[in-house]
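Student: Based on the sequences and whatever the hints tell you, model everything.
In the numbering used here, the protein residues as written are 3 to 260.
Since the hints were derived computationally from the structure, they do not count as laboratory data.
Fair warning: there could be bad hints in the mix.
Straight-line C-alpha distance at most 30 Å; calculated DSS-like pairs for lysine-lysine [as the list claims (entries may be wrong)]: (1) LYS53 x LYS38; (2) LYS161 x LYS225; (3) LYS221 x LYS161; (4) LYS225 x LYS38; (5) LYS223 x LYS161; (6) LYS161 x LYS38.
Being a predicted model, the structure only gives us computed values, none of them experimental.
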Amino acid sequence: MNATKTELTVLRRYTGSSGCSRHARAAEEAWRSTRKLGSLLGDSEDLTRRKTLAAAALRRLWALWIRPQYVSDATRVRLYNCYVLPVLLYNCGTWALTPSELSGLESFHRRQLRTVLNVRYPQRIGNATLYEICQERPLRRRITAARWHLFGHILRRPKIPAYTQMAAYFDPSSMDTWCGRPRTTLPVVLDADLVSSGYAYRLRTSHDLEQLRLLAQAKSKWKALERAIVAALPAKKDPTYADTTLCRRLAKLSLATA
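Tutor: Here it is as structure tokens:
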């Protein structure tokens, strides 16, 4: 490693010393827009960039390969999964997304699938039918599986910086609290996954982290935990499969007639 060419990025929490406005927070946490290994350090910033890159990749792929008059629907979906979806989900195992960010990502993915199938207004197709035609599931399953696969790899190597930083997350801190709403961090998302799986494990203290580290040493047990967490994700009754456009129109109609 060349020390003279190494960039040093300082991650500093925003505590509200210069006001609690959105612009002050963005100026204080400029590190969120810093790119490392192809990803931005801020999850929401990286997600926005991933959407932009995926949309550009789809436009280029459409011009070259997946025009509907030349290629079948099944082949276009396979090309999309091969060339565009990896761009969208690059490094998704490190994301800690809020429910609104996850819903926005799911909606973006469905719009791209409709573009691949050449479904345009006034044509209409429901979300459940769209997933069935493309033989796809909501993206949250891929993201959750990638997150726990990466977490298990980190737990099996306790001497790497990723594990030491995770352990330091649970250490007592004398720093000021965050300004604004509680931040959605990766340990918080991992703990929510454990709660939904029905297992007795949690991730709230350093002791919980040590228990998971011991479990990760047995790969068969860890893979069983991964499968249980992914299987606990909502199935076809989840609102992800609902036709959100139809739901909004029905809601407006009920308000108008009330």
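Student: Would you list, in rising numerical order, the hints stated earlier that this structure does not obey?
Tutor: Violated: none.
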